[in-house]
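> Place chain B on chain A using the hints.
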Amino acid sequence: MIEGQLRRQLARRIAWLGRAAQILILIVLIAGYWRVQVMDGAGYREQAENNRLRKLTIRSPRGLIFDRDGRLLAENVPRYNLRFDRQAARGDARARSVAYAAGVLGAPVEEIKAAVDGHRGVRPLALAEDLSLPQVAQLSVRHLEHPAFEIETEHRRLYRYAHQTAHLLGYLGEIGARELAASDGAYRAGDVIGKKGIERLFDAQLRGATGEQVVVVDSRGRRLENFRRDDPEPGRSLRLTLDLALQQAAVEALGDRAGAVVAMRPDGALLALVSQPAFNPNLFAHGISAADWQALLDHPRDPLQNRTIQNAYPPGSIFKIIMAMAGLDHLGVDPEERVFCRGYSVIYNHRYRCWKAAGHGSVNLREAMKGSCNVYFQQLGQRLGIDAIADYARRFGLGVHTGIALANERPGLVPDDRWSREKRGTRWFPGETISVAIGQGPILVTPIQMATLMAAIAVDGRRPTPRLVAAVGAPGSDPTVPPAGGDGISGDPIHTTPPLPIAPRDFARVRDALWAVVNEDGGTARKAQVEGLDVAGKTGTAQVVRQITWTKNEDLAPEVRDHAWFAAFAPVDDPQLVVVVFVENGGGGSTSAAPVAGTVYRAAAALGLIRPTRVPHGAPTERTAR
Amino acid sequence: MIGSPLRVDDAGRARLSHTHPGPLIAALLLAIFGLLTIHSASAELASSLLPRQATFLALGLICLGVVFLIDYHRLIDLAPFLYAGALVLLVLTLFIGHEVKGARSWLLIGPMRLQPAEFTKLATALLLARVLARGDQPYLDLRRLLQAGAIVAVPALLIAAQNDLGSTAMFAAMAATMVLVAGVRPRLLAALVLLGAIGAGLFWQFGMQPYQRSRIVSFLNAEQDPLGAGYQVRQSKIAVGSGMFWGRGYLQGTQSQLRFLPERSSDFIMAVLAEEWGFAGVAVVLGLYGLYIGSGVRIALRSRDRLGMLLVAGLLALFSFHVLYNTAMVVGLLPITGIPLPFLSHGGSFMMMNFLAVALILGIDHRRYVNR
Numbered sequence: 001m002i003e004g005q006l007r008r009q010l011a012r013r014i015a016w017l018g019r020a021a022q023i024l025i026l027i028v029l030i031a032g033y034w035r036v037q038v039m040d041g042a043g044y045r046e047q048a049e050n051n052r053l054r055k056l057t058i059r060s061p062r063g064l065i066f067d068r069d070g071r072l073l074a075e076n077v078p079r080y081n082l083r084f085d086r087q088a089a090r091g092d093a094r095a096r097s098v099a100y101a102a103g104v105l106g107a108p109v110e111e112i113k114a115a116v117d118g119h120r121g122v123r124p125l126a127l128a129e130d131l132s133l134p135q136v137a138q139l140s141v142r143h144l145e146h147p148a149f150e151i152e153t154e155h156r157r158l159y160r161y162a163h164q165t166a167h168l169l170g171y172l173g174e175i176g177a178r179e180l181a182a183s184d185g186a187y188r189a190g191d192v193i194g195k196k197g198i199e200r201l202f203d204a205q206l207r208g209a210t211g212e213q214v215v216v217v218d219s220r221g222r223r224l225e226n227f228r229r230d231d232p233e234p235g236r237s238l239r240l241t242l243d244l245a246l247q248q249a250a251v252e253a254l255g256d257r258a259g260a261v262v263a264m265r266p267d268g269a270l271l272a273l274v275s276q277p278a279f280n281p282n283l284f285a286h287g288i289s290a291a292d293w294q295a296l297l298d299h300p301r302d303p304l305q306n307r308t309i310q311n312a313y314p315p316g317s318i319f320k321i322i323m324a325m326a327g328l329d330h331l332g333v334d335p336e337e338r339v340f341c342r343g344y345s346v347i348y349n350h351r352y353r354c355w356k357a358a359g360h361g362s363v364n365l366r367e368a369m370k371g372s373c374n375v376y377f378q379q380l381g382q383r384l385g386i387d388a389i390a391d392y393a394r395r396f397g398l399g400v401h402t403g404i405a406l407a408n409e410r411p412g413l414v415p416d417d418r419w420s421r422e423k424r425g426t427r428w429f430p431g432e433t434i435s436v437a438i439g440q441g442p443i444l445v446t447p448i449q450m451a452t453l454m455a456a457i458a459v460d461g462r463r464p465t466p467r468l469v470a471a472v473g474a475p476g477s478d479p480t481v482p483p484a485g486g487d488g489i490s491g492d493p494i495h496t497t498p499p500l501p502i503a504p505r506d507f508a509r510v511r512d513a514l515w516a517v518v519n520e521d522g523g524t525a526r527k528a529q530v531e532g533l534d535v536a537g538k539t540g541t542a543q544v545v546r547q548i549t550w551t552k553n554e555d556l557a558p559e560v561r562d563h564a565w566f567a568a569f570a571p572v573d574d575p576q577l578v579v580v581v582f583v584e585n586g587g588g589g590s591t592s593a594a595p596v597a598g599t600v601y602r603a604a605a606a607l608g609l610i611r612p613t614r615v616p617h618g619a620p621t622e623r624t625a626r
Numbered sequence: 001m002i003g004s005p006l007r008v009d010d011a012g013r014a015r016l017s018h019t020h021p022g023p024l025i026a027a028l029l030l031a032i033f034g035l036l037t038i039h040s041a042s043a044e045l046a047s048s049l050l051p052r053q054a055t056f057l058a059l060g061l062i063c064l065g066v067v068f069l070i071d072y073h074r075l076i077d078l079a080p081f082l083y084a085g086a087l088v089l090l091v092l093t094l095f096i097g098h099e100v101k102g103a104r105s106w107l108l109i110g111p112m113r114l115q116p117a118e119f120t121k122l123a124t125a126l127l128l129a130r131v132l133a134r135g136d137q138p139y140l141d142l143r144r145l146l147q148a149g150a151i152v153a154v155p156a157l158l159i160a161a162q163n164d165l166g167s168t169a170m171f172a173a174m175a176a177t178m179v180l181v182a183g184v185r186p187r188l189l190a191a192l193v194l195l196g197a198i199g200a201g202l203f204w205q206f207g208m209q210p211y212q213r214s215r216i217v218s219f220l221n222a223e224q225d226p227l228g229a230g231y232q233v234r235q236s237k238i239a240v241g242s243g244m245f246w247g248r249g250y251l252q253g254t255q256s257q258l259r260f261l262p263e264r265s266s267d268f269i270m271a272v273l274a275e276e277w278g279f280a281g282v283a284v285v286l287g288l289y290g291l292y293i294g295s296g297v298r299i300a301l302r303s304r305d306r307l308g309m310l311l312v313a314g315l316l317a318l319f320s321f322h323v324l325y326n327t328a329m330v331v332g333l334l335p336i337t338g339i340p341l342p343f344l345s346h347g348g349s350f351m352m353m354n355f356l357a358v359a360l361i362l363g364i365d366h367r368r369y370v371n372r
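Protein chains in written order, with our numbering: chain A, 1 to 626; chain B, 1 to 372.
It is possible that some hints are incorrect.
In the SDA-like style, the derived pairs of lysine to any residue whose C-alpha atoms are separated by at most 25 Å in a straight line are [stated by the list, open to error]: (1) 55(A) - 44(B); (2) 55(A) - 115(A); (3) 113(A) - 46(B).
In short, the hints are calculated from the structure, not lab data.
One chain only, chain A, in its complex shape (with noise of 0.2 Å):
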């Protein structure tokens, strides 16, 4: 062959070749590069960020919470930790600044040496945790030396009162899988946040904002330099209603006797909120122990319910006060009408014991009242019916949540012939009604929604929803002050229900028939009696075990003794001040629950939280004025 034409082959097949892998390359410029880099390029270019950047999440100071005065109830204690930063120190420098921190921390130089060369972590090392302040001092005097100490400020949580505000503020702990799957992005895993009471309440608030410190790493995770800082926002403090003074007072008065003690004024402002017994929440604070847990589980009286809010139980004789309004209201009820009691009276052929066996006599609804005559009651309770009688009640607050600003409030219960049908799947018996007139039976309620009742009688049937914090710090503001206000436009919202249509004349002689209660002889609760302070009340007495035959409280076992109550209001005629006292177990309300109310009565005017009566109640111009 000619090599002229071998020569063409040659070529041909040679430029179709370099053809071949031109194209190849602009095959892979497109398919390759092209689709990489401008196609996906966004989602590439957030990938590498997400290489080299890492989020330090910094954690802002808690808000404070603060008594109506500014007394501090809760505040963050710090504590110091010393982080060693590798990447500010190298060389001779490191090795300076570990030996001091050796010094300084009485460890071996090698152990620290090892620690801080060990390290790979994004955060500086935490050489050592909770340092005494003049260890602090050691190593914050010499930092410009040692760049690489940094002191870390950690906060703890501490309730100074701890038992005695226990149930009120509750605890912090960390967040909980369930709850941060709840939380919707708001918390993140770690995060300490409240548990009960107005810290998990308020928990938003008292948080603040969490900051984030956004620092560059390399591909081994150690931290270059930083790159952005979200600064934290720091929590907002809580300015309370209550009054440390008289919470303690409170504390006191019920001793150590298992029960609650609720103080509030008729706008629903809490003053006091006890329950007993409690517990330390500081224990809480970084994790409590499985035996101190164990020991709170285990405690016969359970420490951890709130009984202002969680515990219901019968009425007793407080019920009464519901019985006069809807006799006066619904039966128009002639107060001067009189009863005969025998001691016993015969209704649907069963005989119904007074408490007095004796007997009160012949009694009108006043003189009923002040003795707490069942006999008046009960036939007052038959004429009503118990559809009436559910009706007032609900009318006054009971079966429902008061609208308190805590957890896990119960709503009582108030029976009737409906609940009786779908709850036990028998009709009402009349018979049971009689025994609801006087606050026994199924009928349930909380301390705390008989301060709300009380208020409503105090007030001419406006009822409050009860109210713990008075303000909230503004965004921004000083954490260590306390926030002022208390309008109810920061902290919750004053609320009560407009009045309930029943003449005011009915609600003043059901509170004459109470201040006599406390008053008067024969009066039930002379024990809450408080010189110059013309206090209202009603005892009551919740039977724990249906009695057959009278037994005196006191050779009960305690366990099976009844539970003593005593609600009121003071002065009757210029409502300021409602307490409730509930006894666990405490017998009658008359010998053990008002003499505590007295107590927190003469304790609150003491306080100067009530404000003299310029004309005592009972004074004759005042009566015939009525």
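Below, chain B alone, put in the same frame as chain A:
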């Protein structure tokens, strides 16, 4: 164009100005781009690799100058000796070679680290051109085919024994292209393809190291194992992709500067470039490679004899396979193998081999009118 090579210049002499400047211009621009990128890829190291690479570039240019002066026919005459010398070096490497990352590919000569495989590529190309250019038939006969097979098989197997799979593949690709250019009967070609497929299967089963197999498997399902063998591809694609159209800016590539990218200055130099210069930079670089190939082809077509044509074709094939494989692997189109990028990747032997190839190609063009 194809018919023009026999045209003779007025004076009957070669002139420097008649030599096609394309390959040299492309090579120099790419090498400068390479220096910049290597500096960036090694910026966070204790010492930049830039001075080293600049030295290699200078050495490469000296080699270019020297070899350009030698007539390629002289080199073809010397080819058997060069080839034999290269084989001796390869065998020596097997016994006293220096091992880096599992590949025993380097000979230590004083301060220099020599990679004999690179020079073997050139020696083999010379010898193959000499053998394949001999016949006067449109297709190669079986004897010559076997000869060519033997010439390429010996160094390829020696390099495979060094665990340098990438270079072995480049050898095979270069030889195949040269044989194809020289002409193979279609039926024989079909048989060879079949044989090659069977051979590849056997090689997969018996010839490959487990890590090499895992690379290919991980390439086929990269998402399954993001931190294992798939890590390099993943980081490389993130680097390339995050450059987007205009790039993150010189020395600003986070994937490279923060060391997420492996083998930044050698096999993955293209990813660094793509991250910092973006698609725009990649297009320019690939355009230069295209220019190199295009002008190379032009030189091949107008070269004086079939010897020159075959030699240029072989060198271009070697070059193209390196470029295509490396750029495709960096962007995740092919499994990862240790194949560097001509003129850009850090490495002395490879740089010199590429400039020697430029010298040969330019020399062939320069001597296209000269009678022997």
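> Work down the list of hints and note, for each, if the structure agrees.
These are the hints, each one checked on the structure:
Using a Cα cut-off of 25 Å, the hinted pair residue 55(A) and residue 44(B) holds, with the two alpha carbons roughly 24 Å apart. At most 25 Å may separate the alpha-carbon atoms for a hinted pair to count; residue 55(A) and residue 115(A) meet this at roughly 23 Å. Straight-line distance between C-alpha atoms of residue 113(A) and residue 46(B) comes to about 24 Å, which keeps the hinted pair within the 25 Å bound.
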